[in-house]
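A.B. asks: Residue strings, one per chain:
Protein chains: 2
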Amino acid sequence: MWIYTDKISEYENKEVIIKGWLYNIRASGKLLFPEIRDGYGIVQGVVSKSDVSERVWDDFLKLTQESSVIVKGIVKKHPKKTDVYELQINDITIVNIAEPYPITLKEHGVEFLMDRRHLWLRSPRQVAIMRVRHEIIQSIRDYMYQNDFVLFDAPIFTPNACEGTSTLFSTDYFDLGKAYLSQSGQLYAEAGAMALGKVYTLGPTFRAEYSMTRRHMTEFWMMEPEMAYYDLNDNMDLIEDFLEYVVQRVIKNRKKELEILKRDTTKLEKVHKPFPRITYTEAVEILRKKDIPLYRKTQNGEEEIRPFPWGEDFGAPHEEALVEDFEKPVIIHRWPSAAKAFYMKRDPENPDLVLGVDVLAPEGFGEIIGGSQREDNINLLIERIKEHNLPMEEFQWYIDLRRYGSVPHSGFGLGIERMVCWICNLEHIREAIPFPRRPNRIRP
Amino acid sequence: MWIYTDKISEYENKEVIIKGWLYNIRASGKLLFPEIRDGYGIVQGVVSKSDVSERVWDDFLKLTQESSVIVKGIVKKHPKKTDVYELQINDITIVNIAEPYPITLKEHGVEFLMDRRHLWLRSPRQVAIMRVRHEIIQSIRDYMYQNDFVLFDAPIFTPNACEGTSTLFSTDYFDLGKAYLSQSGQLYAEAGAMALGKVYTLGPTFRAEYSMTRRHMTEFWMMEPEMAYYDLNDNMDLIEDFLEYVVQRVIKNRKKELEILKRDTTKLEKVHKPFPRITYTEAVEILRKKDIPLYRKTQNGEEEIRPFPWGEDFGAPHEEALVEDFEKPVIIHRWPSAAKAFYMKRDPENPDLVLGVDVLAPEGFGEIIGGSQREDNINLLIERIKEHNLPMEEFQWYIDLRRYGSVPHSGFGLGIERMVCWICNLEHIREAIPFPRRPNRIRP
Chain G
2 MWIYTDKISE
12 YENKEVIIKG
22 WLYNIRASGK
32 LLFPEIRDGY
42 GIVQGVVSKS
52 DVSERVWDDF
62 LKLTQESSVI
72 VKGIVKKHPK
82 KTDVYELQIN
92 DITIVNIAEP
102 YPITLKEHGV
112 EFLMDRRHLW
122 LRSPRQVAIM
132 RVRHEIIQSI
142 RDYMYQNDFV
152 LFDAPIFTPN
162 ACEGTSTLFS
172 TDYFDLGKAY
182 LSQSGQLYAE
192 AGAMALGKVY
202 TLGPTFRAEY
212 SMTRRHMTEF
222 WMMEPEMAYY
232 DLNDNMDLIE
242 DFLEYVVQRV
252 IKNRKKELEI
262 LKRDTTKLEK
272 VHKPFPRITY
282 TEAVEILRKK
292 DIPLYRKTQN
302 GEEEIRPFPW
312 GEDFGAPHEE
322 ALVEDFEKPV
332 IIHRWPSAAK
342 AFYMKRDPEN
352 PDLVLGVDVL
362 APEGFGEIIG
372 GSQREDNINL
382 LIERIKEHNL
392 PMEEFQWYID
402 LRRYGSVPHS
412 GFGLGIERMV
422 CWICNLEHIR
432 EAIPFPRRPN
442 RIRP
Chain R
2 MWIYTDKISE
12 YENKEVIIKG
22 WLYNIRASGK
32 LLFPEIRDGY
42 GIVQGVVSKS
52 DVSERVWDDF
62 LKLTQESSVI
72 VKGIVKKHPK
82 KTDVYELQIN
92 DITIVNIAEP
102 YPITLKEHGV
112 EFLMDRRHLW
122 LRSPRQVAIM
132 RVRHEIIQSI
142 RDYMYQNDFV
152 LFDAPIFTPN
162 ACEGTSTLFS
172 TDYFDLGKAY
182 LSQSGQLYAE
192 AGAMALGKVY
202 TLGPTFRAEY
212 SMTRRHMTEF
222 WMMEPEMAYY
232 DLNDNMDLIE
242 DFLEYVVQRV
252 IKNRKKELEI
262 LKRDTTKLEK
272 VHKPFPRITY
282 TEAVEILRKK
292 DIPLYRKTQN
302 GEEEIRPFPW
312 GEDFGAPHEE
322 ALVEDFEKPV
332 IIHRWPSAAK
342 AFYMKRDPEN
352 PDLVLGVDVL
362 APEGFGEIIG
372 GSQREDNINL
382 LIERIKEHNL
392 PMEEFQWYID
402 LRRYGSVPHS
412 GFGLGIERMV
422 CWICNLEHIR
432 EAIPFPRRPN
442 RIRP
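Note that the protein sequences, when read in sequence, are chains G and R. Its first residue numbered 2, the first sequence is counted upward by one per residue in my numbering. Its first residue numbered 2, the second sequence is counted upward by one per residue in my numbering.
To be clear, the hints were calculated from the coordinates, so they are not data collected in a lab. Here a beta-carbon is modelled for each residue, glycine too, at the ideal position from N, C-alpha and C. Heads up, a few of these hints could be off.
As the list claims (entries may be wrong) - Computed from the model, here is a short list of chain G residues facing chain R with C-beta under 8 Å:
#	residue
1	Q127
2	A192
3	L295
4	E388
5	I434
6	F436
7	P445
To be verified - As a list, the in silico DMTMM-like pairs of lysine to aspartate or glutamate whose alpha-carbon atoms are at most 25 Å apart:
#	chain 1	residue 1	chain 2	residue 2
8	G	K8	R	D242
9	G	K263	R	E368
10	R	K8	G	D149
11	R	K387	G	D116
12	G	K253	R	D116
13	G	K179	R	E368
14	R	K256	G	D116
15	G	K179	R	D173
16	R	K257	G	D232
17	R	K15	G	D143
18	G	K387	R	E100
19	R	K298	R	D242
20	G	K8	R	E112
21	R	K8	G	D143
22	R	K256	G	D235
23	R	K8	G	D232
24	G	K257	R	D143
25	G	K179	R	D176
26	G	K387	R	D59
27	G	K179	R	E112
Start from the sequences and build out the full structure, keeping to the hints where you can.
C.D. replies: Following this line, the structure appears as C-alpha cells:
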C-alpha cells in the first residue's frame with residue numbers, strides 16, 4: 002500500500018510502499034541507510050544485505066542523490082528515538098537515476114540557489130516554508146469563510162491606479178490603450194462590500210519599484226477584506242481576532258515544519274487579543290523618549306534630525322523600537338493625513354489625521370497590515386482625488402459608491418509573504434513564495 | 002443587536018438592527034413595506050403609521066432606491082409564507098440618501114449593466130452568483146487541503162510561455178527585457194510536485210486572444226493540481242472524486258442562491274462518480290454515428306466535412322452531442338498528439354496519442370477541465386520542445402525536472418469561471434467574475 006511518510010506512524014509493523022527521491026544514503030558494513038523524501042517528510046530506510054536479494058542491494062548502490070525510487074518495506078519503531086519510525090526495506094524499484102545533483106547537503110550561495118529555485122524547493126527547509134505558507138493562506142480563507150466574508154476576486158487589469166501610475170507595470174491592451182497591473186484590489190473590494198456586506202480579495206498584486214530590500218518583491222500576494230458599516234474600531238477588532246486565529250492555528254497545525262525551521266514558537270503563542278493600540282502621535286512620543294532619531298539625507302550628505310519629527314513615516318529602526326517592549330503585534334492608528342492615501346477618512350476630531358491603521362509584527366518583522374476607514378463623504382473624496390492629481394474621470398465609478406447609498410466602511414491589506422516571514426522567522430522575503438520575482442529576477 | 006438578514010430566523014420576536022440599503026418600497030394606506038438588502042439577503046419591513054413616530058414615517062417617505070439605512074425592529078414570522086420573516090420596524094437612521102439610481106428593477110441592456118458593473122453587482126442575481134463562486138472556490142481549497150495537497154502559488158511574471166508567446170500579454174521588466182503574464186502555472190506546479198508530492202495552484206491566468214465568445218475572457222482564474230507518481234488513471238480518479246465533492250457541497254450549502262438563480266439542481270445532484278470515460282477515438286465514432294459533421298471554412302466559402310475526421314478538435318456542437326446522452330461530466334482521454342501541448346506524455350501503446358484528458362460538463366457547458374500525464378522521458382521531452390519550436394534555453398529548468406529524479410506525474414487545469422457558469426447555469430462567462438476583462442473592456 003502506497004503511503005506518504007507523514008502518515009507512517011499509523012502503519013507500525015505493516016508493509017508499505019513509499020514513492021519518493023533519495024535524499025541521502027549512508028553505508029555501515031552490511032547495512033545501508035537510505036533516507037527517502039516524498040514531499041511529506043523524510044523516512045530513514047534500513048537495508049540489510051543478508052535480508053534482501055543481490056539485485057535489491059546492488060540497486061541501492063547505484064542510487065545518486067535525488068534519484069527517484071519506489072521502496073517497499075515494514076514500518077518499525079526506531080530502536081532508540083521516540084516517535085520516529087523507520088522502514089525495513091525489502092524491495093526497490095528504481096524509477097530514474099539522477100544526474101549529479103547541483104544542490105548538495107553543504108552550503109550554497111543565495112544566487113546559486115535562486116538560479117536553481119525549481120530544485121532548491123526540494124530541500125527540507127523550503128518544503129517546510131511552503132507548507133507553512135499553505136497553512137497560513139488556508140487559515141485566512143477559513144477564517145473569512147467561517148465569518149461570512151465573501152471571496153471577491155478583484156481584477157488584475159485596471160485602467161487606473163489606486164495611488165498613481167508611477168509604480169505600475171503596464172501592458173498593451175487591444176484597442177483600449179494600456180492596462181495596468183493592479184497594486185491593490187481595495188477600490189474594487191469597496192464596490193463588493195456595498196453589494197455583499199463583507200468581502201475579501203486574495204490574489205497577486207504588483208509594484209514596479211526597483212527596490213532590492215529584503216522585504217520587497219515586484220509580485221506579491223495580498224489579502225484585503227472590506228466591510229460595509231465597519232468603522233475604525235470595528236476594523237481594529239477584526240484585525241486582532243483574525244491575526245490571533247491565523248497565528249494560533251498555524252503553530253498548532255504546523256509544529257513539525259516550524260521545528261524544522263527552528264522557529265521559537267513561544268513568542269507566537271503569545272499572540273492573543275487584545276493587542277496594544279497606540280496612536281501615531283503616541284508612537285512618535287515613544288520614539289522621542291527612546292531617542293530614536295530620523296536620519297535623512299540632505300544635498301550635503303547625511304543629516305541627523307532629533308527628535309523624531311511628527312508627520313514622518315517610520316523606517317525599520319523606528320518600527321523595531323516601537324515593538325521591542327511588546328510581545329504582540331502593535332496596532333498604530335490615526336496617521337498624519339499628508340502621509341497616507343487619498344481614500345482614507347479624515348478623523349472627525351482632527352483634520353490633520355486620517356483613520357488609518359498599521360500593524361507591526363513583533364520581533365522586528367515590520368509592517369504586515371495597513372488599513373483604514375474609508376472616506377464616505379462624496380465631497381471630501383472628490384477633493385482628495387483632486388489634491389492627489391488623480392484622473393477624476395477614471396474614478397467616477399469609485400465615486401458612485403458614495404453617490405448611491407454611501408456608508409461608513411473599512412478594510413485592510415495583509416501582505417501574505419510578510420506574514421510568512423514573520424511566522425517562519427525568515428530573514429528575506431525571497432524564501433516566502435515558490436518563485437520570487439524581484440527587479441533582477443524573473444527566472445526560473 | 003446588529004444582525005445580517007441571513008440569520009433573521011434565529012431572532013423571532015426579538016429586536017434587531019439591520020444595516021443596509023433600500024431595495025424597494027411599497028405603500029398601502031397607513032402601511033409601508035420597505036425591502037432592505039444588506040448583502041446577505043433582503044428582508045421585508047413593515048412600517049405602521051400608527052405605531053411609529055412622525056419622524057420615522059417621514060424618513061421612510063424620503064428614501065430613494067439604494068439609500069443606506071439602519072433600521073430597528075422586531076422579527077416576526079410572515080403571516081402567510083412559511084420560513085419567511087419580516088421586520089416590524091420601529092426606528093430608522095438614514096445614513097445617506099442615494100441620487101436617482103441608474104439600475105432600476107426593470108430590464109437593462111448588457112452593455113449598460115457592464116458599464117455599471119460596480120452597481121450591477123448589488124442586484125440579487127449577481128449577489129447569488131458571487132456567493133456561489135465563493136463557495137466553489139472554498140470547496141476546491143478545502144478538498145485540496147483535506148487531501149494533503151499543498152498550495153503552490155505559481156508566478157505571474159514569466160520569461161517564457163507554456164505554449165508559445167503569441168497569445169501572451171507582456172510588460173517591460175527593468176533591465177531584463179519583457180516579462181510575460183502567465184497563461185498557466187502548470188510548469189511551475191510540476192517543480193512543486195517534485196518537491197512536495199502533491200500541489201495545486203489557484204490564481205489568475207491571462208490570454209491575449211481577441212476572442213469575444215461567451216466562454217472566453219482575457220483574465221480568468223484557474224486551479225491546477227499536479228501530482229508526483231500519478232498516472233493518467235490516477236488523474237482521472239482524482240478528477241471524479243474532486244468534482245463530485247465540489248458540486249455536491251455547493252448545491253448543499255448554496256440552496257438559497259441556486260434558487261434565486263432558478264438553477265434546476267436535480268441535474269447537479271446526479272454528479273456522482275464514476276463518470277463516463279471514453280477515448281477520443283470513441284468520441285469520434287459517436288459523432289459519426291450521430292452524424293455530427295465538422296464545418297470548416299475554405300477559401301471558397303463554407304464546406305461541410307462528413308464524417309467527423311479523426312484528429313480534429315471538438316467544437317461546441319460536438320461537445321453538446323457528446324454529453325447529451327449522459328447526466329454526468331464526460332471524461333475524454335487519449336487525444337491525438339498533434340492537437341495537444343508539447344508536455345503531454347505519448348501513449349506507450351500508440352505514439353499518435355497522448356495521455357491527455359478533457360472533461361466536458363453536462364448540459365452543454367463545454368470543457369471545464371483539461372489535463373494529462375506529463376512527459377517524463379527527458380529525450381522525448383527535448384524532442385517535443387524542438388518540434389514545437391520553443392526556446393530550448395528557457396526550458397532548461399523544466400527539463401531539469403527530468404534530469405534529477407524524473408517520475409511519472411500528472412495534473413489538470415480547471416477553469417473557475419467555466420465551473421461557475423455550469424453550476425449557476427449562466428449563459429455568458431461575464432457574470433461569473435466580479436469585474437470581467439474582455440478585449441473590449443477593462444472598465445470599471
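A.B. asks: None of the hints should be skipped; say for each whether it holds.
C.D. replies: Hint-by-hint comparison with the structure:
1. A least Cβ separation of about 7 Å between G/Q127 and chain R falls short of the 8 Å threshold, and the interface hint therefore holds.
2. At its closest, the beta carbon of G/A192 sits 4 Å from a beta carbon of chain R; the interface hint therefore holds under the 8 Å criterion.
3. For G/L295, the interface hint is violated, since its Cβ never comes within 8 Å of a Cβ in chain R; the closest pair sits about 30 Å apart.
4. Against a cut-off of 8 Å between C-beta atoms, the interface hint on G/E388 is violated, since the closest Cβ of chain R lies about 22 Å away.
5. Taken as an interface hint, G/I434 checks out: its beta carbon lies about 6 Å from the nearest beta carbon of chain R, inside 8 Å.
6. At about 4 Å, the closest approach between the beta carbon of G/F436 and any beta carbon in chain R falls short of 8 Å, and the interface hint on this residue holds.
7. Hint on G/P445 holds. Least Cβ distance to chain R is approximately 4 Å, under the 8 Å limit.
8. About 21 Å separates the Cα atoms of G/K8 and R/D242, which keeps this hinted pair within 25 Å; it holds.
9. Between G/K263 and R/E368 the CA atoms are separated by roughly 46 Å; this puts the pair beyond 25 Å, and the hint is violated.
10. Proximity of R/K8 to G/D149 is assessed by CA-CA distance (about 11 Å); at most 25 Å being required, the pair is judged to hold.
11. Distance hint between R/K387 and G/D116 is fulfilled; the C-alpha atoms sit about 23 Å from each other, no more than 25 Å.
12. Proximity of G/K253 to R/D116 is assessed by CA-CA distance (about 47 Å); at most 25 Å being required, the pair is judged violated.
13. At roughly 31 Å between alpha-carbon atoms, G/K179 and R/E368 are farther apart than 25 Å, so this suggested pair is violated.
14. Of the pairs offered as hints, the one joining R/K256 and G/D116 is violated, with about 49 Å between alpha carbons and a cut-off of 25 Å exceeded.
15. Taking the CA atoms of G/K179 and R/D173, the gap is near 12 Å; set against the 25 Å cutoff, the hint holds.
16. Straight-line distance between C-alpha atoms of R/K257 and G/D232 comes to about 30 Å, which puts the hinted pair past the 25 Å bound.
17. Note on R/K15 and G/D143: the hinted pairing is violated, with a Cα-Cα distance of about 30 Å set against a maximum of 25 Å.
18. Restraint check for G/K387 and R/E100: the C-alpha separation of about 22 Å stays at or below 25 Å, so the hint holds.
19. Distance restraint check for R/K298 and R/D242: the Cα-Cα separation of roughly 40 Å exceeds the 25 Å cut-off, and the hinted pair is therefore not satisfied.
20. Between G/K8 and R/E112, the direct Cα distance comes to roughly 54 Å. Violation of the 25 Å bound is thereby established for this hinted pair.
21. As the CA atoms of R/K8 and G/D143 are separated by approximately 20 Å, the hinted pair is consistent with the 25 Å bound.
22. For a cut-off of 25 Å, the pair hint linking R/K256 to G/D235 is broken: about 31 Å separates their Cα positions.
23. Pair hint R/K8 plus G/D232 holds up; C-alpha atoms about 22 Å apart against a cutoff of 25 Å.
24. A C-alpha spacing of about 21 Å is found between G/K257 and R/D143, which places the hinted pair at or below 25 Å, so the restraint holds.
25. The hinted pair formed by G/K179 and R/D176 meets the criterion: a straight-line CA distance of about 21 Å does not exceed 25 Å.
26. Restraint check for G/K387 and R/D59: the C-alpha separation of about 37 Å exceeds 25 Å, so the hint is violated.
27. For a cut-off of 25 Å, the pair hint linking G/K179 to R/E112 stands: about 21 Å separates their Cα positions.
When each numbered hint is compared with the structure, violations occur for hints 3, 4, 9, 12, 13, 14, 16, 17, 19, 20, 22, 26.
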